[in-house]
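Enquirer: Okay, here's what each chain looks like letter by letter:
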Amino acid sequence: MLIIGVFVTRAFAGEQLAIAAAADLNYALSELANRFEIASGNKLTLSFGASGNLYSQIQSGAPFDLFFSADEDYPKKLAGAGVADASSLSIYSLGHLVLWLPSSSPFDPQKLQMESLTQPAITRIAIANPQHAPYGRAAMAALEHYGLKDKVSGKLVFGESVSQAAQFVQSGNAQAGLIAMSLAKSPAMELAGRFWVVPSDAYPELKQAAVIVSVSKHKKAAQEFLDFVLSTEGAATLRKYGLTPPAKP
Amino acid sequence: MILQALALTLRLAILVSVILMAIGLPLGYWLASSRWRGKFLVEAIVSLPIVLPPTVLGFYVLVAIGPLSPFGRWYHSITGGSLAFTFRGLVLGSVLYSLPFAVQPIAAAFASVDHKLLEASATLGASRWRAFWRIVLPLGFPGVLTGFVLSFAHTLGEFGVVLMIGGNIPGATQTVSILIYDQVQSLNYALANRIALLLLLVCFALLALLYGLRRRSKWVLWGWQ
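Those protein sequence lines, which keep their order, are chains A and B.
Each residue of the first sequence is one higher than the one before, starting from 1 at the first, in my numbering.
Each residue of the second sequence is one higher than the one before, starting from 1 at the first, in my numbering.
Looking at chain A on its own, in the form it has when it is part of the complex (with noise of 0.2 Å):
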C-alpha cells in the first residue's frame, strides 16, 4: 500500500491547492471539488470552519490558496489588508437561513414556524456563534426580526460554526436549529428533520464571496477553480443545495 501511495505521489502531475471554505460549503464544495480534481488533475485539500475563524488563520498567514466565507464582509477585509487579490473577489452564492426541526420533534416547522422556538418543550436551541460566523448572525438578526430574541436568549447553545450548530440539532441535544440551508440538504440532515426557510427578509443579505489568497503559488489553478465553481455546472451543484446564484449585479 505504501509503495502504491509513493509511486502514485511521485506520478501524481497536477498542482496542489489547499481551500478554506465555510462551513456551510461541507457537501456542496466537496462534490464540486471531486469533480474539478477529476476534470483538471489537480488536488484540493479542503479545510472546513466557520468564516470569521478561517478569516482569522488568514490573516495570520495560514497558506491556504482560496478561501470561500459565507460572507461578503471578510473576503473584503482580506482583501482591504492586502492579505486577498481583491482582483479576485467573486460573490458565488447566496446562502439562506432555515429552521429545523428533527423528525421526532411534534412541532411542524412549515406550520408553527418561528413560533416554534417559543413552544416549552423546546429547551435548546443551536445557532452558530455569531461571533465568528456569518450564519450565526443571520440567526440573531432573524431572531431580532421576530422580536424573539430575549424570549428565546435562555435557549440559545453556540455551534463554534454551524456545522456543528446542525450537529448540536441533527444528534437531537437541541430540539431546533436556526442553520444553513445547505446543510439542511445535505444527505445526513435531508432525511433526520423537517426545515422551514426563514424569509430572506428577515436578515440581512448572505452573499457568499470567495478571493484567492495573496500568498498563493497556485494562483492560476486556484482561480480555475473558482472559475468552475462560478460556471454553469458549478451553480447547477450550488443550487441543489439551496445554495442560489447571486443577483447579476
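No lab work stands behind these hints, which were simulated from the structure alone.
Some clues are possibly wrong.
Said to hold, decoys possible - A few chain A residues that face chain B, going by a derived Cβ cut-off under 10 Å, partial list only:
#1 R124
#2 Q131
#3 E160
#4 G172
#5 T237
Bear in mind the structure is a predicted one, so any value in this text is a computation, not a measurement.
Where a beta carbon is used, it is the ideal one built from N, C-alpha and C, also for glycine.
For this one, chain A is given, so just place chain B on it according to the hints.
Expert: Coordinates of chain B only, in the frame set by chain A:
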C-alpha cells in the same frame, strides 16, 4: 465576561476535583492493594483519557447524554432535562477527562506504603477500614494532595471536551479556555492575552506550590516516579 468565565471555570475545577477525590480514594486504594488478575484492564481504562484526544471523549459523552442513548433517556426520565450544554454535563465530561490525574498519584502513593505496617496493624486487631484511615491515608496523603491539585489544574485547562459538549453559553458552559479561543478567533488579542496570562499565572502558581511542597518531603508526584 472574564470574571464570569473565570468563576465558572473555578467552580467547575473545584467540583470536579472534589468528586474525583470521592472516586479516586477508593479506586486508588483498590488499585494499590488488589491482586485480581484483571486489574491491568482497569488500570488501562483509568489511563485512557491521557492518551485519547479530547474529541473522542467529547464525542462519546455527547452521544451518551443525548436523547437517543439509554443513559440520556434515563436521565431525562428522572430530571426532565438533558445534560447536554449544561454545567452538570461539563462536570461529567471533566470528571472522565481528569480521572487519571487524580487516580494515578493516589494509587502510586498508596502502593508505596510499607506493607509491614499494615501487617502489624492487622496483628494488633485493626480492621482494614481502620488501617486505611490511620495508616494508608496519612502516609499516602502527599499523593492524595497531588491528585487533587493535578485534577484541579487539568480541569482548569480543559478545552476540547468543553468545546464539543458545552455549546459556549456564557455563565453556564463558557469556560476560560473557550473564551480565550473565541477572543483569539475574533482577533481580540489584547483581551485574549489578559485572560490567557491570568490562566497561565494561576496554573503556574498551583504547580509551583505543588513542586515546592514536594521538595520539602519525599512526595510521589507521578505514578512512574
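Enquirer: Determine for every hint whether it applies to the structure shown.
Expert: Do the hints match the structure? See the list:
Given the 10 Å rule on beta carbons, the hint for A/R124 holds: about 6 Å separates it from the nearest Cβ of chain B. Hint status for A/Q131: holds, given a least beta-carbon distance of 5 Å to chain B, under 10 Å. Against a cut-off of 10 Å between C-beta atoms, the interface hint on A/E160 holds, since the closest Cβ of chain B lies about 6 Å away. Interface hint status for A/G172: upheld, as the beta-carbon distance to the closest one in chain B is roughly 4 Å, under 10 Å.
At a threshold of 10 Å, the smallest CB-CB gap from A/T237 to chain B is about 29 Å, leaving the interface hint violated.
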